Amino acid sequence: MANLTPLMDNEVLKAFGSYTTIILAKMMFMSTATAFFRLTKKVFANPEDAASFGKGENAKKYLRSDESVERVRRAHLNDLENIVPFLGIGLLYSLSGPDLSTALLHFRIFVGARIYHTMAYLLPLPQPNRGLAFFVGFGVTLSMAYSLLRNKLYL
Amino acid sequence: MANLTPLMDNEVLKAFGSYTTIILAKMMFMSTATAFFRLTKKVFANPEDAASFGKGENAKKYLRSDESVERVRRAHLNDLENIVPFLGIGLLYSLSGPDLSTALLHFRIFVGARIYHTMAYLLPLPQPNRGLAFFVGFGVTLSMAYSLLRNKLYL
Amino acid sequence: MANLTPLMDNEVLKAFGSYTTIILAKMMFMSTATAFFRLTKKVFANPEDAASFGKGENAKKYLRSDESVERVRRAHLNDLENIVPFLGIGLLYSLSGPDLSTALLHFRIFVGARIYHTMAYLLPLPQPNRGLAFFVGFGVTLSMAYSLLRNKLYL
Numbered sequence: 013m014a015n016l017t018p019l020m021d022n023e024v025l026k027a028f029g030s031y032t033t034i035i036l037a038k039m040m041f042m043s044t045a046t047a048f049f050r051l052t053k054k055v056f057a058n059p060e061d062a063a064s065f066g067k068g069e070n071a072k073k074y075l076r077s078d079e080s081v082e083r084v085r086r087a088h089l090n091d092l093e094n095i096v097p098f099l100g101i102g103l104l105y106s107l108s109g110p111d112l113s114t115a116l117l118h119f120r121i122f123v124g125a126r127i128y129h130t131m132a133y134l135l136p137l138p139q140p141n142r143g144l145a146f147f148v149g150f151g152v153t154l155s156m157a158y159s160l161l162r163n164k165l166y167l
Numbered sequence: 013m014a015n016l017t018p019l020m021d022n023e024v025l026k027a028f029g030s031y032t033t034i035i036l037a038k039m040m041f042m043s044t045a046t047a048f049f050r051l052t053k054k055v056f057a058n059p060e061d062a063a064s065f066g067k068g069e070n071a072k073k074y075l076r077s078d079e080s081v082e083r084v085r086r087a088h089l090n091d092l093e094n095i096v097p098f099l100g101i102g103l104l105y106s107l108s109g110p111d112l113s114t115a116l117l118h119f120r121i122f123v124g125a126r127i128y129h130t131m132a133y134l135l136p137l138p139q140p141n142r143g144l145a146f147f148v149g150f151g152v153t154l155s156m157a158y159s160l161l162r163n164k165l166y167l
Numbered sequence: 013m014a015n016l017t018p019l020m021d022n023e024v025l026k027a028f029g030s031y032t033t034i035i036l037a038k039m040m041f042m043s044t045a046t047a048f049f050r051l052t053k054k055v056f057a058n059p060e061d062a063a064s065f066g067k068g069e070n071a072k073k074y075l076r077s078d079e080s081v082e083r084v085r086r087a088h089l090n091d092l093e094n095i096v097p098f099l100g101i102g103l104l105y106s107l108s109g110p111d112l113s114t115a116l117l118h119f120r121i122f123v124g125a126r127i128y129h130t131m132a133y134l135l136p137l138p139q140p141n142r143g144l145a146f147f148v149g150f151g152v153t154l155s156m157a158y159s160l161l162r163n164k165l166y167l
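Residue numbers (this note's numbering), protein chains in the order written: chain B, 13 to 167; chain S, 13 to 167; chain W, 13 to 167.
Hint data in this document are derived by calculation from the structure and do not stem from the laboratory. These figures come from a predicted structure and were not determined experimentally. Careful: at least some of the hints might be erroneous.
Heads up, the list lumps identical chains together, so a pair's fine if it works in one copy or across two of them.
[As the list claims (entries may be wrong)] Using 30 Å as the maximum straight-line C-alpha spacing, the simulated DSSO-like pairs for lysine-lysine come out as follows:
1. K54 with K72
2. K67 with K38
3. K73 with K53
4. K38 with K53
5. K54 with K73
6. K53 with K67
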C-alpha cells in the first residue's frame, strides 16, 4: 500500500479531520432525535412505520405531522445545507496550505457555531440566538472560500 | 502536471472511490425516480412544470402532492442525510491509513445497507427492514468516526 | 508541517477547487435568498422567528408557508441533491489523473448548468429550461462516475 504518511502528518488536515468528524457525528445525532420524537409521540410518515402501533384505521391516525418532529427535521436540513459547503470548501482550504493557527480558528468557530445553532433550534432559544449562530458559521465558510479563490483561482 | 500516482495507488482510497461512486450514483437515481413518478402520475410542485399538461385552471389541478412522490423524496433525503457523513468521514478514514480488509468491510456493509434501505423504502417492505438497514449504515459511519477520533484526534 | 505542494500544484485539483468553491458559494446564497423572502414576506416556520413581528395570536398568523419561499427551498434542496454527488465523484475523479482539458470541460459545464438551473427555477423560466439544465449537470456527474469506474474499479 502506498505511504500516505506525509498527507496525514499534515497538521491542518488532521485538525480538519477531527472537527469534521465531530460536526458530522453531531449531524447524525439529528436522525436519532427525529426517530426518538417519532416513536415517543407516535408520529409517522410511512404506513409501515405506524403498523406496529395498530392495524388498519387504527394505524392511520399516526400518519400525521408534529411540531417537535418538524422542528428537528428543519434543524437537520439546515445542518445539511451548511455542513456540505464546509466539507467541500474546508477540505480544499486545508489542502491549500493555510497557516495552522488561522485554520484552527476557522474550524473551531464553525463547529462551535453549529453546535450552538442546534441548541438554539431545539430548546428553542429566542431569536437572534439561532440567527447569529447561523451567520457565524456561514461567515467562516465564506472566509475560507475567499481565501481559496484569492490564492488559488484556476478557471 | 504533478504526479498523483502515489495517492491513487493507495488501495484503500481506490476502494473508497469505487464504493462512493456506486452509492452516489444510486442516490442520483432517486432524482430520476421522482421525475418518473411526477410525470406518470401528473403530480407537480411548480406551475411551469404542469403547463404542458393543460392551461390555466386545468393545469392547476396537477399542483398537488402524491404519496408515491413523497415516499421517493423522503428516501432521497434520508440518503443525503446518511451519505454526506459517509463521504466526509469515509474520505478522512481512508487517508488515515486503515487496514485494507477492515476498510473494505466498512465500505461493503455501508453500500449494501443503503441499497437495501432504498429497496425497503420504495417497495415498501414491512418494518423493521428499513429501520435495520438504516442502523447498519449508521453504525458503519460511527465505527469509522470512532477509529478516526481515537487515532488522529487533533483539536 | 508536511509539504503538500505537489498536491495543490496539480492543475486538475486546483481547477476542481475553484469550480467547487464557486458552486458551493452559489448554493450558500440560497440560504440568504430564503431568509430574504421570509423577512420581506413575513413567512416563518418557527414561532420564535415570528415573535419580533407581533405577540401571541398576532405572531401566529406569520407561521405559514408561501410559494416564493417554498420555491427557493425546492431549488436549494435540488442543489444539495446534485452538488453532493458532484463533490464526491468530482474529487475522486480529480485524483484519478484525468486529462486537464477534459476535466475542465466537465467542471465548466456542470457549474454553468447549475447556475442556469437556479435562474430557471427562481425567475422562473418556462420548461424545459430547468429540466435541461438539470439533466446537463446530471450527465456531467455520470460521465465522471463512468470514467472513474471504468479505470479504477476496485471492489
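Hints and how they fare:
1. K54 with K72: Answer is both; intra-copy 11 Å and inter-copy 25 Å each pass.
2. K67 with K38: neither (36 Å within a copy, 33 Å between copies)
3. K73 with K53: both (12 Å within a copy, 26 Å between copies)
4. K38 with K53: within (23 Å within a copy, 32 Å between copies)
5. K54 with K73: both (9 Å within a copy, 27 Å between copies)
6. K53 with K67: both (18 Å within a copy, 28 Å between copies)
When each numbered hint is compared with the structure, a violation occurs for hint 2 only.
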